[in-house]
Amino acid sequence: MTEAYDVEAVRRDFPILARRVGAYPLTYLDSGNTSQKPAQVVDAIADHYLAHNANVARAMHVLGAEATAAFEGARTAVAAFIGASRSEEVVFTKNASEALNLAAHTLSAPLGPGDEIVVSVMEHHSNIVPWQLACQRTGATLRWFDVTEDGRLDLEAADREGLINERTKVVSIAWVSNVLGTINPVSQVAAMAHAVGAVMVVDASQGVPQLPTSVADLGCDLLAFTGHKICGPTGIGVLWGRYDLLDSLPPFLGGGEMIEVVRMTGSTFAPPPYRFEAGTPPIAQAVGLHAAIEYVSAIGMDRIAAHEQELTAYALAEMQKVRGLRILGPTEAVDRGGAISFTLEGVHPHDVMQMLDSRGIAIRGGHHCARPLHDRLGVQSSCRASLYLYTTYAEIDRLVEGLDYTGSFFSGRLATTGGAR
Amino acid sequence: MTEAYDVEAVRRDFPILARRVGAYPLTYLDSGNTSQKPAQVVDAIADHYLAHNANVARAMHVLGAEATAAFEGARTAVAAFIGASRSEEVVFTKNASEALNLAAHTLSAPLGPGDEIVVSVMEHHSNIVPWQLACQRTGATLRWFDVTEDGRLDLEAADREGLINERTKVVSIAWVSNVLGTINPVSQVAAMAHAVGAVMVVDASQGVPQLPTSVADLGCDLLAFTGHKICGPTGIGVLWGRYDLLDSLPPFLGGGEMIEVVRMTGSTFAPPPYRFEAGTPPIAQAVGLHAAIEYVSAIGMDRIAAHEQELTAYALAEMQKVRGLRILGPTEAVDRGGAISFTLEGVHPHDVMQMLDSRGIAIRGGHHCARPLHDRLGVQSSCRASLYLYTTYAEIDRLVEGLDYTGSFFSGRLATTGGAR
Amino acid sequence: MSVEQLYQEIILDHYRVKRNAGLRDPYDIEVHHVNPSCGDELSLRVSVADGAISDVSYDAIGCSISQASTSVMSELVIGGTPQHALELYDGFQKMIQGQGKVSLNEETFGDAVAFEGVAQFPARVKCAMLGWAAVRDALLRVQASAKEEL
Amino acid sequence: MSVEQLYQEIILDHYRVKRNAGLRDPYDIEVHHVNPSCGDELSLRVSVADGAISDVSYDAIGCSISQASTSVMSELVIGGTPQHALELYDGFQKMIQGQGKVSLNEETFGDAVAFEGVAQFPARVKCAMLGWAAVRDALLRVQASAKEEL
Ligand SMILES: Cc1ncc(COP(=O)(O)O)c(C=O)c1O
Ligand SMILES: Cc1ncc(COP(=O)(O)O)c(C=O)c1O
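Line by line, the protein sequences give chains A, B, C and D.
Numbering follows the working numbering, with no gaps: position 151 of the first sequence is 151.
Numbering follows the working numbering, with no gaps: position 310 of the second sequence is 310.
Numbering follows the working numbering, with no gaps: position 40 of the third sequence is 40.
Numbering follows the working numbering, with no gaps: position 6 of the fourth sequence is 6.
If you're looking for bench data, these hints aren't it; they were derived computationally from the structure.
Note that the structure is predicted; figures quoted are calculated from it, not measured.
We put the beta carbon where it would ideally sit given N, CA and C, even for glycine.
If you only want the chain A side, here are some residues facing chain D, beta carbon under 8 Å, derived:
hint	residue
1	M60
2	A65
3	I259
4	E260
5	V261
6	A270
Residues of chain B clear of chain D, computed beta-carbon distances all greater than 12 Å:
hint	residue
7	Y5
8	E156
9	E166
10	L249
11	M264
Model the full assembly from the supplied sequences, consistent with the hints where possible.
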């Protein structure tokens, strides 16, 4: 980093961060769930609607040309941002979940009994359920990586069990866990997948917002992420795929401009990415995502990653001082993103959340769409604080203070001694 | 109508309509493709992002509660707008195409060879291709209603051929044709479908924006429409369904909050509408759609329909005076929406569009995602002018003038005589 | 509405010491309810004898509100008729969904009045209802199977 | 850029009187290309004899730009070598995608220079390319099958 990271300058771009909750300032530590949006993104969307709105591809008038240029410009920007070699490799979906469903549907189309699909026990439901449904449809078998005690992918056990073998057709894992924060060795797993001729899918929903991304370095064949976690709008996600692979896949949803020729007796389909974009795409959302990518790029993804890394190290150290607090996943900020899940002894996550919320601190409680992982770790649910480019040290301090207070309140210590930290 | 329709007041809410294209005022006659957005809708979206943004359902903090209330409030508003009996009957999708794919996937799941699905030859690709794909998957047979010479659904031929019979499991037709403007007798077709125990699906993409909607009066079981054609944002669509029917359908896309319990070995699913909403839904887009519905409701859907009807009658009369112009579909404004497709003798639609565009007039040229209908009518493609609540008589006059000029230009009359109308 | 009003002492008390907790025999019906948004889970058994609820036992994982509410519910319904329990359900549900506009009769509802604060926290309404929804479900099933036997 | 500059007289002339139109025998390969966004369709045949393109014939439905472009293309390539036609394709494509920054050599490209205006109208680029893409496809297929025969 050549220049100090000016988090206060960043925060000024996010009007919502100036909100107060009752007597307290808003402390937004739920960015792993959805990020806040800078004014630049909101303005880009408004300007699109108010000055350039039209449908794309089909409309050849002035507004149609402007809207199409804006939409395809967003595609080009996304391609560059993740290091794709062609913009035609970028498919716009409604969110990461649709992207993963698209992958599961089309990749599983030729599978049958005896074929295997491999995920991991630390996946988000959106990278489990689509594959379960695919296995139900095709008769293929779902298998999964376990995790080690410290919350890393258990590669040794996988090796012992022959998890990835000649029957494996698809491997799909998260780059960064939304619960544990773990950064998985994706390129290593991709090499294992490719060695047996399987397709490697990466759920990069938590990775792309936090780390500089290069699909080539990750070594994957398909990669999914979602707009709303990277300062962009809701209603848009991305599936990137190697062009050759995309070109070999059947269509997913039908309708609109994903076709070549439609006859009542049968239809032929457009080349990628259009084959996979049925109906009017998320046009204004692509414009917003483009603005978001420009926003984070102007700051620098490497600097955003470094900021998060520093802050995560600080948060991990401070949070472990809270009585009864147990961190799920790596307790040191090595190969680790900015999501920190934890339990507080004797207090249910719902109650932790509620108590913190009364002090303006927003975290998430529950199983964070990763119930199998919670089962595996033997906890029914957990709390999660998740950081982003606008998070400050002071916010971590407020979190820790709130957690101390919460622990005391529910254990009755407060009532007895009258004292909070 | 108690009060005169003040189209100029309406236009002031749409800043884009004040745009100029070169020396000409913008004449936007492509609303059937996508409508323009009033400032009220754009402001509601911006306000959501800048002051209330959070993920829904999963987040229980203040922002999460606000975002959830806004999202669910939109669902309630949509339900009321289309006369649904419960808000749980409203599923948010990314567009009408996804809604129709959802219907096709889930309704066809139990079908097999011998079963029949019925659509019509005047459908949009989004109401054809999903059913073709469903037939491919299941072995069911696709059949279709023909159209009469004047562009109406050919009910007599259907009757003669026994189109709807005991093998029919699903009937899916458009309420209002996006090409011909025809308003189809949906409740009559629904009665035919129900008489044989088939499910009735309605593609109301062009209907809901133009006409007061009551799902009960239409008599259908499922109904799809899209946000961007009714002054709302891109990135959102709606599938309405009778609750009992929705509740009996399997999931479509998997992931996120559409589940009840996820285990690696199998999952169970949430009740409707959540079962069908995988991943982060279009939250800000729902807020925008809510604002759009409030906007058109404040004007009154009956008055919007009346305005369109009057203007369509005027346009049909004036356009037929243009030399070589042939209207596709009903030439009188009876049971007819505001989409007017036509051909101009000797001039390809692309060229008509281009010429009109140079005068600021935006229409659509091509097959409007309805190639089978064009095949049926024996035209390779056509032009389409489509009106909406902000369209004026003066705009129709400009269109007619532009068409006269275009005809002359390409036939060489202009070059020879030097005269335009 | 402050969070301290939500977490009334009565609630914390039931949360710390749950009444009638643990699954017991004999029972007529066992139901399993979950709150998918937070993962709360509840297994609940009811036993009806001579027209009265002779026991309600349960095993629950959940937040203070859901656990305390189940505990309070069990105290209120044991010993009464199924009909009375269903009426209590209706009353409690009406209050909890009343956004603070509906209050409970203290004579009838005892400790359950402590949950009036919950009605101000829409996100917690499901928590407070979990045990009630389970007992209602169980009682309706007992009645249905009794009818079948006739 | 005015629309009248797009519709050069040369283009309108080729549109009104298409050169080499109609499908003819004999031919080596027939290809069918479509422009799905507007529905333009083109069937095109090429015949190669003694290292030269002896005929290009076609049946087309489409706009003035696509029809005129196909007509102009047919005049330019007939009689030349396949290699020359492919070079013309490259040059024409470069110009048409050059957003007005690339111009054509009038000696080599003849009437095709009239399409320089099209480069300013991105939405029409596909129209202007339809015939060119088809002839390229056809020539590559002829060459491929010639190789196979070796
Ligand atoms: C009749 C009809 N059905 C379906 C659609 C598809 O809507 P969307 O593109 O928003 O999915 C449209 C509009 O394009 C339409 O006019
Ligand atoms: C790891 C991971 N995968 C997938 C998703 C799903 O993203 P979306 O809800 O936008 O579809 C999320 C976020 O919720 C996530 O954290």
